[in-house]
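Heads up: the protein sequence lines correspond to chains A and B, in order. So for the first sequence, this note's numbering puts the first residue at 15; every next one is plus one. So for the second sequence, this note's numbering puts the first residue at 754; every next one is plus one.
Possibly wrong hints are sitting among the right ones.
[Claimed, not checked] Here are the simulated DSS-like cross-link-like pairs (lysine-lysine), alpha carbons at most 27 Å apart as the crow flies:
{"hint": "1", "chain 1": "B", "residue 1": "K768", "chain 2": "A", "residue 2": "K236"}
{"hint": "2", "chain 1": "A", "residue 1": "K225", "chain 2": "B", "residue 2": "K893"}
{"hint": "3", "chain 1": "B", "residue 1": "K916", "chain 2": "A", "residue 2": "K240"}
{"hint": "4", "chain 1": "B", "residue 1": "K893", "chain 2": "A", "residue 2": "K236"}
{"hint": "5", "chain 1": "A", "residue 1": "K240", "chain 2": "B", "residue 2": "K893"}
[Unchecked claim] Sample of chain A residues at the chain B side, in silico, Cβ under 7 Å:
{"hint": "6", "residue": "P218"}
{"hint": "7", "residue": "G222"}
{"hint": "8", "residue": "E226"}
{"hint": "9", "residue": "R283"}
{"hint": "10", "residue": "T286"}
{"hint": "11", "residue": "P287"}
{"hint": "12", "residue": "E315"}
{"hint": "13", "residue": "K348"}
{"hint": "14", "residue": "V351"}
{"hint": "15", "residue": "T367"}
Treat the hints as calculated values from the structure; they're not laboratory data. All residues carry an ideal CB built from backbone N, CA and C; glycine is no exception.
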Amino acid sequence: MKLKDIQSKAHPTFFKEHQKKLYQSLEDKHTTIEQVDVDDPLNTGMILNMGPQHPATHGVLRLMLELRGESIVKTKLDIGYLHRGVEKIAENKTYQEFMPYTDRMDYLSPYSNNVALCTAVEKIADVEVPERAHYIRMIGSELARISSHLLWLGTLVMDAGAVSFFIWTFREREKIYDIMDNLTGHRFTVSHARIGGVANDITPEAMGLIKEFIETFPQELKDYHKLLDRNRIFYDRNENVGVLTTEDALDIGATGPVLRASGYAFDIRKFTPYARYTEVEFEVPTRLEGDNLARYYVRMEEMHESIRIIRQCLDKLPGGPVRTDNAKQAYPSKDEVYYSMEGMIHDFMMTDTGICPPEGAEAYHAVEAPKGELGYFIQSDGTGHPWRLKINAPSFANLQVLENILDGEMIADTVVIIGGVDPVMGEADK
Amino acid sequence: MQDNLEKPVLNTLNKEYSRERKLSFLERIYLPEVFKALWYTLKQMFSPKFTMNYPEEKWDPPSIFRGRPVLVEDNGQERCVACGLCARACPPLAISMQANEDSDDPKERYPDFFEINMLRCIYCGFCEEVCPEEAIVMSKDYDIVFESREQAIYDKERLLVPKEDLEERLEYLRNYRNNQFGQFWDFQEENNIHSVRDRDQNWESGLSLVDILEQQKKIDETKASSTWS
C-alpha cells in the first residue's frame with residue numbers, strides 16, 4: 015500500500031473540503047512519504063484520526079496521526095471545534111459586560127482570566143486599583159493556579175494509567191471550589207474581578223477556608239510527591255517522552271510551564287509584574303530536560319510557590335476599599351446609588367456607556383495564567399465598547415508545540431504528552 | 754531567579770534534584786512503590802467522606818452564593834420600578850420587561866411584565882449589582898428544572914419572593930456590597946424619598962412616606978422669613 019495519495023483512500027463524509035485540506039496538509043508536512051513494508055504487519059502505515067470526541071484529548075482537540083507500526087510519523091492538529099467567537103462578542107459588549115465571558119475561556123482557572131481582562135482595561139483607561147483589591151486578586155489567581163494544576167496532575171496520572179489518583183486531586187480541587195464559592199459567590203464561573211477592583215471583599219468564611227487550605231494542602235502535595243516521584247511506572251511513562259528543546263520552545267512560542275520545563279525561565283510575574291507581585295517573594299522553577307517529567311516537576315513546584323505567595327498575601331493584606339473611588343471609572347457604592355442622585359446617575363452611566371478609554375488608544379496586557387502568558391490586546395475607539403479585542407491564549411500557543419513533540423513518539427504516549435502540555439480547548443479556540 | 758533570559762537555566766526547589774532522574778535498585782524493582790501506593794489508597798478509605806448524597810441531602814449555599822435571580826417583594830408589591838437597568842446590564846440578554854405607570858402608588862412605576870429566560874441566565878449577578886432599588890437579588894436556589902423552553906421563561910409571579918425569605922442575602926449585600934468606600938459623607942436616607950426600599954424602616958421623624966411628602970410640600974409653600982441675599 016502506498017500512502018502517496020491519502021485522499022484516494024479516505025472517503026470523507028462530513029465537510030469534504032475541510033477534510034481534504036487536512037489530508038493534503040498531512041501529506042505536505044514533510045517532503046517525502048516513505049514506502050510501507052506490507053510483509054511486516056508491525057510496520058504497517060496507518061492514518062489515525064484521534065478526536066474531536068475523545069476522552070483523553072482534554073476537550074475537543076482533534077489529532078491526525080500518521081503511524082508506522084506503533085510510532086507516530088507525523089501529526090496534524092485540527093482545532094476550532096469549540097470556537098464561540100468570543101472576540102467578536104466583545105466588540106458588542108461593554109468591558110464590564112464582557113467580563114463573565116472570560117470565565118468561559120480557560121474554564122479551569124476563571125479567576126486569572128477575569129484579572130487578565132480587568133488589568134488590560136485598567137491599563138488602557140488608566141484606572142487606579144486599591145491595594146487591597148490587588149492582594150485579593152493575587153490570592154484568587156494563585157488559588158486558580160493550584161486548581162488548574164491539580165486538574166492537570168489528576169488527568170496526567172490518569173492518562174498514565176492510575177485512575178484513583180484523579181479522585182484525590184479532585185478532592186483538593188473541591189476545597190478550592192468551596193473557597194471560590196465563599197470568596198466570589200460561585201464555584202466555577204467566578205466573575206469576581208471588576209474594572210477598578212474586585213466585586214466584594216473577602217468574607218470571614220472565605221478567609222477561614224483559605225487559611226485552612228494553605229495549612230493542609232502542603233501535606234497533600236508532599237503525599238503526591240511521595241506517590242509519584244519515585245514510582246517506576248509513572249517515571250517510565252514520562253521520562254524522555256515529548257522532549258521539547260529550548261530552541262524549539264522559543265521558535266514555536268511556547269509559554270508557561272511548558273517553556274519553563276525547557277529551561278527558559280520566563281514568567282510574567284517576574285519580568286513585567288502586575289498587581290503586587292513585586293511585593294512578594296517567590297521562585298520561578300525551571301528544568302532543562304524539556305520532557306514530560308520536567309513539566310511535572312515544574313508544575314508541582316509552582317503549586318508550592320503559589321501556596322507561598324498566598325501566605326505572604328494574607329500577611330500583607332492591607333485594609334481599605336476594594337474598588338476605585340471614581341464613579342467615571344467604576345461603579346459607585348450601592349449606598350451612594352440608593353441615597354444620592356449623583357450615585358444613581360453614575361450607576362446608569364456605568365451600565366449603559368461603561369468606561370470609555372481615550373479614542374485610538376491601544377493596550378496589551380498579559381498576566382501569568384496557569385497555562386502561560388494570557389494577554390488581552392484592546393483597541394479603543396473612544397466608546398464603551400472595544401473596537402477590537404484580541405486574546406493571546408496560552409493554550410493556543412502551547413498546542414502548536416504538539417506537532418513538534420509528538421513526531422517520533424509512540425502512539426501510546428500521545429495522551430500522556432497531551433496531558434503534559436495541558437491545553438484547554440475553550441481558550442485555544444476562543 | 755535570573756535577571757536575563759540569555760541562556761537556559763535550571764532553577765529547582767527540589768533539594769534532591771540530583772536524584773530526581775535516578776531510581777535506586779529498590780525503586781527499580783517497583784514492588785516497594787506499589788505497596789506505598791496501596792498503603793496510601795488504604796489510608797484514603799478511612800479518611801472522612803467528602804461527598805454528599807445529593808437529592809436526599811441538600812447543600813445549603815452560603816449567603817454570598819449567586820443562585821436564581823428573584824424580584825424582592827416588599828409589602829405585597831415588587832420593589833422594581835422597571836427602569837430597565839438590569840436588562841441593559843445582562844450580558845446574555847436574559848431579562849425583558851415592560852414598564853407601566855400608576856399615579857396612585859408613591860412608587861409611580863411598576864413592571865407590567867417582567868421575564869427572565871432561565872435558559873439564558875448565566876448567574877453573573879450583574880442585575881443585582883446595578884439595580885438602584887435593591888429590587889432584584891440573587892437567591893439560593895440552584896436546582897432549577899423545567900420541562901420545556903416555555904417553562905424556562907420565568908414571569909413576575911414565579912420571580913417574586915417576599916423579602917423576609919431573602920433576609921440572609923440582603924444582610925450580606927448590606928455588609929459586603931453596599932458599603933461606601935473612599936470619600937465619606939453622611940447619608941441621609943431620606944434623600945431618596947422615592948425609594949420604596951426603606952419605606953418600612955423606623956425613621957427618626959417617625960413619619961410615613963406620605964406624611965414626609967406632605968410635610969415637604971408644606972415646608973416648600975411656607976414663605977421664607979428673610980430673602981437670604
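Do the hints match the structure? See the list:
no. : hint             : result
1   : B:K768 to A:K236 : 13 Å, holds
2   : A:K225 to B:K893 : 25 Å, holds
3   : B:K916 to A:K240 : 53 Å, violated
4   : B:K893 to A:K236 : 37 Å, violated
5   : A:K240 to B:K893 : 41 Å, violated
6   : P218             : 10 Å, violated
7   : G222             : 12 Å, violated
8   : E226             : 14 Å, violated
9   : R283             : 10 Å, violated
10  : T286             : 13 Å, violated
11  : P287             : 12 Å, violated
12  : E315             : 5 Å, holds
13  : K348             : 4 Å, holds
14  : V351             : 5 Å, holds
15  : T367             : 10 Å, violated
Going through the hint list in order, the structure does not satisfy hints 3, 4, 5, 6, 7, 8, 9, 10, 11 and 15.
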